[in-house]
Each structure stands twice: as structure tokens, then as C-alpha cells.
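Asker: Chain by chain, the residues:
Protein chains: 2
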Amino acid sequence: QGGVHFGMAADGGRVYVPINDMVNTRDGRVYDAKKNGAGVHAVDAASGKVLWRHMASDDCGGRPFGDPGVSSAPTAIPGVLLIDLPVHGDSRGWFKENWQREKMVGLGLPDFRPVQNNIAFNGPVGTTRGIHAEPWDKFVSVATGRIFGAWVDLREGDTYGTVLTAELDSAKAIYIPRGVGNAYQTLEPDTSYVYLVNDHWSPEAEYTFLN
Amino acid sequence: QGGVHFGMAADGGRVYVPINDMVNTRDGRVYDAKKNGAGVHAVDAASGKVLWRHMASDDCGGRPFGDPGVSSAPTAIPGVLLIDLPVHGDSRGWFKENWQREKMVGLGLPDFRPVQNNIAFNGPVGTTRGIHAEPWDKFVSVATGRIFGAWVDLREGDTYGTVLTAELDSAKAIYIPRGVGNAYQTLEPDTSYVYLVNDHWSPEAEYTFLN
Chain G
11 QGGVHFGMAA DGGRVYVPIN DMVNTRDGRV YDAKKNGAGV HAVDAASGKV LWRHMASDDC
71 GGRPFGDPGV SSAPTAIPGV LLIDLPVHGD SRGWFKENWQ REKMVGLGLP DFRPVQNNIA
131 FNGPVGTTRG IHAEPWDKFV SVATGRIFGA WVDLREGDTY GTVLTAELDS AKAIYIPRGV
191 GNAYQTLEPD TSYVYLVNDH WSPEAEYTFL N
Chain S
11 QGGVHFGMAA DGGRVYVPIN DMVNTRDGRV YDAKKNGAGV HAVDAASGKV LWRHMASDDC
71 GGRPFGDPGV SSAPTAIPGV LLIDLPVHGD SRGWFKENWQ REKMVGLGLP DFRPVQNNIA
131 FNGPVGTTRG IHAEPWDKFV SVATGRIFGA WVDLREGDTY GTVLTAELDS AKAIYIPRGV
191 GNAYQTLEPD TSYVYLVNDH WSPEAEYTFL N
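Protein sequences appear in the order of chains G and S. Those letters in the first sequence? Residues 11 to 221, per our numbering, in order. Those letters in the second sequence? Residues 11 to 221, per our numbering, in order.
Just chain G, same shape as in the assembly (with noise of 0.2 Å):
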């Protein structure tokens, strides 16, 4: 009764969830709740799709019950920082500060300064985007769904061809610099892949892709 409800605490770092296993929604749906190594996340008991996700257990590491903050991670290609995203579900779903300058600048992104936001939705499992390398800094997050990212350094110098890979669900979000080549595929139908950029799109301009 009463939808999802989320809870957290720091027993070891694990993620603690006071939940019923079928939960009903106010839409007359039924959701399983579901607590793994993977994170908390609701799914449709028709379907067997994943409807929203909480956070991955290891978001909670450490942090005490009610400070889910925002944290960042370096990689192994300088500059690319991997970021925790709070996500605060109730029985409508959930919200996120997705970027937040002040914060972002906080944890050591740069002072980005987005001047588009674009959005690519992807319906089927597999959908592969990449690989690009324009010449912008990128924040790329999902609302919806999950990927698995890979990242490779196209820079000159002694990091040049450098991977990481990584999954991205709604509580994960990745800063890439210009430079940085970025490709995804989708883990589940219906992702939406989100994303700020620094610089528009000019026809004067080389730009670097594989499609």
C-alpha cells in the first residue's frame, strides 16, 4: 500500500531497503521491488522490465543514512571523472539533480557551461551510438534506462588510446573533455540518453565520428 519507499543506511556499505516485495502503485500496476548486488531497483511484474532503479549498493559506501551527496571518481583517462548521483524515490518515481554546477565544481569538473542539451532515445536492447569525438565537453547521464559506455583518449601524449568502460544507469553520470572519444550501447529497452555540451555545432568546424 501506498507505493515504493526507499531507505538507506551504512551497514557496511550496503544499500538497506525497508520494502515490500510487491508493491502497487497508485496506477493500479504491480511492481517487484527488488533488492540485489546491483542496486535497488522496481520492476514491472507483467513486463519484467526495469521501471526506475535507486542507486547501485556501492553509491552508498561509507555515506551515513539520510547524506546521499554527490560524489565523483577520476579514471584512468585524465580528466574524465565518473560521477554518483543522488536519486530520491518516492511512490511517484524519482528525482535528481542531474548537474548542478556549483556541486559539480565542488567534486573537480571543470566550470562547465552547457549551451544545448540533447536527448537520444533508444528502443531497442543493443542500440549502439559512437564512436564520437567532437570538439566539446560532454555531461552525459540517463534518465531512463542503462548503457554500457566505453571511452577511449584521442589526445596526443602519454595517455593517447587509453580505454575505460563503465555502466551508466540513473544514478551515474560521466564528464567527458574534448578529446575524449565516447560510445554507448544500450543494457535495456527505452533508454534515454541525456547530455549538456559546451559549444555548438559549426559547419566550419573537422569533427571526428563513427556511426
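By construction, these hints were calculated from the structure, which means they are not laboratory data. One or more of the hints may lead you astray.
Note that identical chains are pooled: a pair holds if it fits in a single copy or bridges any two copies.
Unchecked claim - Cut-off 25 Å, straight-line C-alpha distance, at most; resulting in silico cross-link-like pairs (SDA-like, lysine to any residue): (1) Lys113 - Pro84; (2) Lys113 - Glu198; (3) Lys148 - Asp100; (4) Lys113 - Thr172; (5) Lys113 - Pro134; (6) Lys113 - Gly167; (7) Lys113 - Leu164; (8) Lys113 - Arg188; (9) Lys148 - Val80; (10) Lys113 - Tyr170; (11) Lys113 - Ser212; (12) Lys148 - Val162; (13) Lys113 - Gly171; (14) Lys113 - Leu197; (15) Lys148 - Ala160; (16) Lys113 - Gly89; (17) Lys113 - Val135; (18) Lys148 - Glu107; (19) Lys113 - Lys148; (20) Lys148 - Asp121; (21) Lys113 - His142; (22) Lys148 - Asn208.
Computed from a prediction, not measured in an experiment: that's the story for all the values here.
Based on these hints, arrange chain S on the given structure of chain G.
Answerer: Just chain S now, with coordinates in the frame of chain G:
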């Protein structure tokens, strides 16, 4: 075979869609591609859920083939602009420039400089959020699903109390200046509501909202 293909022609301002009624996509699911007065959309044949929309037929009024440019229209509330976003469909899903600073300024929007990007995911149909009237301007759209939006002018002056309502799907956006209250209810399950704002929340400021 080969997925969903969208096309468009300026035959009296209507959408023209050379598309099979039933299409097998790469993930093996069967989509039912519809064309009706409300535009083109792909429906999951098993669940009846709308998977994606191309664009409302009104969006094509008078535009030549191959030139589905972004456009805007004023509303009854001064400063509130409704925006038609071109949505480019192919076998993978679709792509849109959700916000593009230069083009939006060209359409008469203020030179909006976002500092934050929020996403609210709404599971059940009928999920209601608002009224909110925080002290920042907003650029609102959806990635997936569809909403009924309602806006009310709360600024002192001749237009105080003016109400505007509109449906937003992935081919629509709205610009809402500060002082205008914002609320919505979802018309489809799994609606991802995406917005950009140009100021951060502050503990010192006063906020007006009904949840």
C-alpha cells in the same frame, strides 16, 4: 524488417509516414506504428504503451520536407513560450536537440544560462507535481512520456492570474520565466520530465510551492 522509419512531407501540412503497421525491431519486440491526428507514435503491441512519438502533425504545418526547424509561439502569459522541437526518428529510436542556446535566442527566448539540470521520473499515470514558483527561469520538456501542464501568472500586474494549459510530449518544450507557477500531471506511464534552471536553490531565499 529493419525497424521503424519515419518520413515527412508538406502535403497540406500533415505528416506523411511511409511505415509498416507492424514492425519488428532488433530486440524482437513488435511495435505498432500508428499515424493519427495526434501525430506518429510507436506502441508496444503487448502492453499498449506508447514507446516514442515522432512529432505532432501541427509541427509540420507548412514546413518543407527536410526542414523541420525548431519554432516557438507566444502564449497568453507574457514571457511564456511554447516550443516545437524537431524529433529525428530512425530504427534506433530518436534524437532531439532539447535546448540549443543560439537557436532558442533566435526564437525570442531570453539568453538563458542554465546552472542546473533536473530530471523527475514519474511511474504511474496521473502523477501530479506542483504548483512550484521558485525564483528562477525554467526550460521544461520530457524525454519519455507525456504531461498535461498548467501554468499561472503569479506576477503583479494586468496578467496576474492568467492560466495556460498545454500537453507536452517529446516534441514540445516550454520556457517559463520566474514568477509563473508551474504544475503538471502525467498522461502516460514512465514519464521522464527534464528541466533546466538558471539559478541554484538557496537556504536564504523564499520559495512558493504546493506539492
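Asker: Now tell me, hint by hint, if it's right for this structure.
Answerer: Quick rundown of the hints versus the structure:
Only within a single protomer do Lys113 and Pro84 lie at most 25 Å apart by alpha-carbon distance; the minimum there is 16 Å, versus 34 Å between protomers. Within a single copy, Lys113 and Glu198 get their C-alpha atoms no closer than 29 Å, and across copies no closer than 32 Å, so neither meets the 25 Å cut-off. For a Cα distance limit of 25 Å, the shortest separation of Lys148 from Asp100 across copies, 23 Å, qualifies, whereas the shortest one inside one copy, 30 Å, does not. Neither within a single protomer nor between protomers do Lys113 and Thr172 lie at most 25 Å apart by alpha-carbon distance, with minima of 28 Å and 36 Å respectively.
Proximity of Lys113 and Pro134 under a CA criterion of 25 Å is satisfied in neither setting, with 34 Å inside one chain copy and 31 Å between copies. Taking identical chains as interchangeable, the C-alpha atoms of Lys113 and Gly167 are never at most 25 Å apart, the minima being 30 Å within one chain and 36 Å between chains. Taking CA atoms no more than 25 Å apart as the test, Lys113 paired with Leu164 passes in neither setting, with 28 Å inside one copy and 30 Å between copies. Taking the closest pair of Cα atoms, Lys113 and Arg188 come within 25 Å of each other both inside a single copy (21 Å) and across two copies (22 Å).
Taking the shortest alpha-carbon separations for Lys148 and Val80, both the intra-copy value of 18 Å and the inter-copy value of 23 Å come in at or below 25 Å. With identical chains, the CA atoms of Lys113 and Tyr170 are never at most 25 Å apart, being 30 Å at best within one copy and 35 Å at best between copies. For the homomeric pair Lys113 and Ser212, the shortest alpha-carbon distance between copies (13 Å) is at most 25 Å, but the shortest distance inside one copy (30 Å) is not. When the C-alpha separation of Lys148 and Val162 is checked against a cutoff of 25 Å, the pair qualifies only within one copy, where the shortest distance is 14 Å, while the shortest distance between copies is 35 Å.
Neither within a single protomer nor between protomers do Lys113 and Gly171 lie at most 25 Å apart by alpha-carbon distance, with minima of 30 Å and 36 Å respectively. Taking CA atoms no more than 25 Å apart as the test, Lys113 paired with Leu197 passes in neither setting, with 29 Å inside one copy and 33 Å between copies. In the homo-oligomer, the alpha carbons of Lys148 and Ala160 lie at most 25 Å apart inside one protomer (14 Å), although the nearest pairing across protomers, at 32 Å, exceeds that limit. Taking the shortest Cα distances, Lys113 and Gly89 sit within 25 Å of each other inside one copy (17 Å), while across copies they are farther apart (30 Å).
Proximity of Lys113 and Val135 under a CA criterion of 25 Å is satisfied in neither setting, with 33 Å inside one chain copy and 32 Å between copies. Both within a single protomer and between protomers do Lys148 and Glu107 lie at most 25 Å apart by alpha-carbon distance, with minima of 16 Å and 14 Å respectively. In this homomeric assembly, Lys113 and Lys148 come within 25 Å of each other (Cα to Cα) both inside a single copy, at 17 Å, and across copies, at 19 Å. In this assembly of identical chains, Lys148 and Asp121 lie within 25 Å of each other by CA distance both inside one copy and across copies; the values are 12 Å within and 21 Å between.
Proximity of Lys113 and His142 under a CA criterion of 25 Å is satisfied inter-copy only: 23 Å between copies versus 27 Å inside one chain copy. For a Cα distance limit of 25 Å, the shortest separation of Lys148 from Asn208 qualifies both inside one copy, at 7 Å, and across copies, at 19 Å.
The structure fails to meet hints 2, 4, 5, 6, 7, 10, 13, 14 and 17 from the earlier list, while all remaining hints are met.
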